[in-house]
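Visitor: One letter stands for each residue in the lines below.
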Amino acid sequence: MDKYSYRKNIISTIVIVVCGIYLVRLFNMQILDDSYQHQALQNSRRIEVQYPARGLIFDRNGKLLVENQSAYDLMVIPRQIQPFDTLELLSVLGLEKETLLHNLERCRRYSTFKASTLVSQIPADKYAILQEKLYKYPGFFIQTRTVRKYNVSHSADVFGYIGEVSQAQIEQDTNYAPGDYIGISGLEKTYETDLRGTKGEKILLVDNHNRVMGSYYNGKYDKPAVVGKDLTLTLDIDLQEYAYRLMQNKKGGIIAIEPSTGEILLKVSAPGYDPQLMIGWDRGKNYHQLESDPNQPLFDRTIGAAYPPGSTFKTLQALYGLKEKVITPSTSFPCQGTAKTQIGPIRMGCHNHESPVNLRESLQHSCNPYYVNVWRRILENEKYPGVRDAYAAWREYICSFGLNRTLCPDFSNERSGSIPSVEFYDKMLRTKNWRWSYIMSLSIGQGELLLTPLQIANMACILANRGYYMTPHIVRPNASTGTRVEKHLVDCPSEYFPPVIEGMVAAASIGTARGAAIDSVEICAKTGTAQNPHGDDHSIVMIFAPKEKPRIAMAVYIENAGFGARYAVPIAGLILEKYLKGDISPEHKALEKRMIESNLIDTPPVSAP
Amino acid sequence: MNRETKLLKNIDWVAILIYLALVFIGWLNIYAAVYDENHSSIFDITQSYGKQLMWIGTAFVLATFIMLIDSKFFTTFSIPIYVLVMLSLMAVLVFGVESKGARSWFDIGGIRIQPAEFGKFATCLAIANVISRHGFKMMRLGSLCLVGLLLLIPAGLIILQNDTGSALVYSSFLLVMYREGLHGSILLLCFIVVLIFILTLLYSSFVVSIILIIGALIAFLYYRQNRGEFYRLFLFIALSFALLKGLKIWLDWQVSDLRLLLSVYALASLAGIFFIYKRKMKSVLFVLLASWTCIGASIGVNTAFEQLQPHQKDRINDLLGIENDPTGAGYNVNQSKIAIGSGGFSGKGFLEGTQTKYNFVPEQSTDFIFCTIGEEWGFIGCAVVIGLFLALILRLVKMAERQRSHFSRVYGYGVASILFFHVAVNIGMTIGMVPVIGIPLPFLSYGGSSLWAFTILLFIFLRLDANRLQVFS
Chain A
1 MDKYSYRKNI ISTIVIVVCG IYLVRLFNMQ ILDDSYQHQA LQNSRRIEVQ YPARGLIFDR
61 NGKLLVENQS AYDLMVIPRQ IQPFDTLELL SVLGLEKETL LHNLERCRRY STFKASTLVS
121 QIPADKYAIL QEKLYKYPGF FIQTRTVRKY NVSHSADVFG YIGEVSQAQI EQDTNYAPGD
181 YIGISGLEKT YETDLRGTKG EKILLVDNHN RVMGSYYNGK YDKPAVVGKD LTLTLDIDLQ
241 EYAYRLMQNK KGGIIAIEPS TGEILLKVSA PGYDPQLMIG WDRGKNYHQL ESDPNQPLFD
301 RTIGAAYPPG STFKTLQALY GLKEKVITPS TSFPCQGTAK TQIGPIRMGC HNHESPVNLR
361 ESLQHSCNPY YVNVWRRILE NEKYPGVRDA YAAWREYICS FGLNRTLCPD FSNERSGSIP
421 SVEFYDKMLR TKNWRWSYIM SLSIGQGELL LTPLQIANMA CILANRGYYM TPHIVRPNAS
481 TGTRVEKHLV DCPSEYFPPV IEGMVAAASI GTARGAAIDS VEICAKTGTA QNPHGDDHSI
541 VMIFAPKEKP RIAMAVYIEN AGFGARYAVP IAGLILEKYL KGDISPEHKA LEKRMIESNL
601 IDTPPVSAP
Chain B
1 MNRETKLLKN IDWVAILIYL ALVFIGWLNI YAAVYDENHS SIFDITQSYG KQLMWIGTAF
61 VLATFIMLID SKFFTTFSIP IYVLVMLSLM AVLVFGVESK GARSWFDIGG IRIQPAEFGK
121 FATCLAIANV ISRHGFKMMR LGSLCLVGLL LLIPAGLIIL QNDTGSALVY SSFLLVMYRE
181 GLHGSILLLC FIVVLIFILT LLYSSFVVSI ILIIGALIAF LYYRQNRGEF YRLFLFIALS
241 FALLKGLKIW LDWQVSDLRL LLSVYALASL AGIFFIYKRK MKSVLFVLLA SWTCIGASIG
301 VNTAFEQLQP HQKDRINDLL GIENDPTGAG YNVNQSKIAI GSGGFSGKGF LEGTQTKYNF
361 VPEQSTDFIF CTIGEEWGFI GCAVVIGLFL ALILRLVKMA ERQRSHFSRV YGYGVASILF
421 FHVAVNIGMT IGMVPVIGIP LPFLSYGGSS LWAFTILLFI FLRLDANRLQ VFS
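Protein chains in written order, with our numbering: chain A, 1 to 609; chain B, 1 to 473.
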């Protein structure tokens, strides 16, 4: 034993202490601190999003209207790029060098090692060439996405379109990531949550070069994408197509509803555009062109436009008169035609017809003085303490007809129109002491009234149903999608309807709307002409048929087309015939041809539907 | 009892069992680290785990061979073996091939041999030879120079091969020397030097100098027990430095703040020397000398650091968190820590480690093999491996102490110290406690040279130990 042998203990202690420190450190790293676990997952897992196919859209007869097609996005992982033949890539893609470099810079700023979209929606022909050359460009790859494919070239206003989500939307809703598609207008927007489906994810294991090495736990934690829900529309696409043919080179809106159900059979906003323009390579350019078109194809003339309803409104005035008992079906008023009739303090012009007229004849001839008289009786009704109270009661009644509100929850861009309140007139007329004559225009559907064509079509439904309407809707509800359809009773018992309907029958058979007559079908109609300070009057007709058990109620509104009888009535008649009879009779072929060929706009639309 | 059965009975089977366990763990984890479904057979000779099996087989042959050699061979031929290996270290400088910036490999028919690995056992033999000589006294200057020379020759040659990490291993002989009589303060001094080294790398020489001067002032206060002197001295240094700094800015001198500070401290030191001369204060002299030595060491380290290879600088900086950039220099350690840390208590399971299998960890079968153990076997696996090493080292210390031959004892301590250094540095670097120095984990890391060298190192001692009862000296 030497004198230093005690040092074996010191040396052993040093070894034990170091091992002890390491074990404590390992205990801390492996058991107490779980941040390494997260970092390891971040390192080695790549979550690949599985995009679901968007729901399909069918018409009422099961015809496929909107489906999906593959689009090809050129993706890039900037870190993996190696010097490449820029010229060749540019010529394959048909891009400008600046655009490519600019996009590349944008991708690089997003992330150097994550994939981002360099060029989106590459056309199939370019994709085919690119696919073969892609091996020369490390860091670039193609991601297949689904975009919309339309089997019709019209009705873009119904479907709407999809586009990439905005930054604000991403921040609001965690379902979206940059580059995702979202419904921007129309049904694509309203039914976004149903149509989009649920994104799935596939967890892949990657190595240090981001190369895929296999699936994570053999796909145990993968989530498959859930396909979006399909929509069945209430539209009859054949009728829709026919209506668009009639409406070519005209501006206006047509909307038809099945009165018993509230199903929208027809929704035409002319000029329309081909929905296909909103997808693919040129969508930006196309959108810009549509936006600057003076005929405003992007403007929805069926629900987004509100006009004075004109003489179609007389039907509701007549009903109220009967209900309030200020008139009876046999009440008559004289009319001096163009010579203008003196009623109290005012004089009202009309077109020349027999005089005096009773209720039925007033609707048949669309007599203006008759309704001025009715209006006077309504507002000077002794039931009410004053004109303002009488007006308030009238307004409440009129609003129950689905006015001054939106009707169809399927659209987000529907306007509510306007029935002015008492307070509005107090303010406008600068007195609370106003008289019936001050707002006399309302009697014949002019003045401050604003109705959408949908509301006029809904009025037709109420008349057809003799006192109620079903919630108008364009997506047929089922267990999981669609809006709740409710029955709305109007503030007018059904017993008052027959005299008014008789008047509409007279108008359609021997009166102002006789141009819509069809063999062996009893049609009820009321024309209207809305004064337009900017040009020719707008031509309107509100129509339903057959009189008993009505199958279709419709509003046709054509801008700058003059009297209701000139265009709106024959077009409405042709659509009714097509729907009710299935075809156009030979004696109406000439009319059909004339309607299709007539041109009421100077500039032809970008894409004639 | 014949000679063979006596040998078998005297062999230390505990050490051999630990050795076998470590080698087996190493082989399994090399397989896991480079696992690839296309080559899933653990015996596939084209893959490193297949090759490692070959190295293990040959290592066993080597071990058996060593056990059959007469133990006197090693004592007698220790110096010739040392000379031979040193010559091969020189030869590799000329005939060697370069790999990863180091020219330290012989390429013999496709098989690469790294002589530096064999330097360890040769040096160990030579040191044992010298120290065990009759009349050797460790604390004699001549002895220290001789031992130092024996260590510096291989270390220097390996540094010339550009493999500083392997050269640092020779510092582990300090433990052997300490056991054989080296003064304890030298070991302490080494500890302080390492501390200053780390401080200097973390902070600039200027900051370290401020810390040291304040330390010296406090020591001065401690010895003198006079607050007035302490405050005066402190104010003198602070105000003079502020004055000089002001002058420097005003006159736009091109001198560093460090120089200004040291000039001020030199003035203060002069005053101190005057003190010592007048009052014979030995303690003040000690404080002055110690502080100037430390300042010198700090500046020296800083200067030396500038001379290091960029990757070595980065590796040292890594440990100290100076450049904490996960995609830059700190990448290796960061990934290594992620792999080990993500293992949890019981690990992700054999072949389930994503970090090591998918190459996030560099050198995962050689220097960073511990990551695979940490990731796939968790804390339990780490504890087992560390426990096995601890048991082996303590066993070796115990065995060294039971040797009658002085040569065998020194050699045994050499083996224990070398293993300890490798284990401490290798595991320490994978868990971010030691700078990344590229040395293997004994018996576990992939590589023929390393496995062979450690096997030879260990089995020579086992051979000597088996013979312990027959040697008297």
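For the record, the hints were derived by calculation from the structure and aren't laboratory data. Quick reminder that beta carbons are idealized off the backbone N, C-alpha and C, glycines included. Wrong hints could be hidden among the right ones.
[Unchecked claim] Not everything, but these chain A residues come out facing chain B in the computed CB check (under 8 Å):
no.	residue
1	I11
2	S12
3	Y22
[Unchecked claim] Capping the alpha-carbon separation at 20 Å, the derived lysine to any residue pairs in SDA-like fashion look like this:
no.	chain 1	residue 1	chain 2	residue 2
4	A	K97	A	D85
5	A	K3	B	H406
6	A	K3	B	R133
7	A	K8	B	L188
8	B	K398	A	S91
9	A	K8	B	L394
10	A	K8	B	K137
11	A	K8	B	R402
12	A	K3	B	S143
13	B	K248	B	L262
14	A	K3	B	Q470
15	B	K137	A	D2
16	A	K3	B	F73
17	B	K398	A	P493
18	A	K325	A	R245
19	A	K8	B	K6
20	B	K6	B	F73
21	A	K126	A	I279
22	A	K285	A	S120
23	A	K202	A	V17
24	B	K398	A	I16
25	A	K3	B	I186
26	A	K432	A	S421
27	A	K383	A	N352
28	A	K136	A	K199
29	A	K549	A	I596
30	A	K220	B	G349
31	A	K549	A	E495
32	B	K9	B	Q470
33	A	K8	B	Q470
34	B	K6	B	L22
35	A	K199	A	A53
36	A	K3	B	R402
37	B	K398	A	V17
[What the hints assert, rightly or not] Chain B stretches covered by chain A per the calculated footprint, using a threshold of three residues with CB under 8 Å from any CB of chain A:
no.	stretch
38	42-53
39	341-353
40	426-433
Visitor: Give me the numbers of the hints this structure contradicts, sorted from smallest to largest.
Guide: 8, 14, 16, 17, 18, 19, 23, 27, 28, 29, 33, 34, 38
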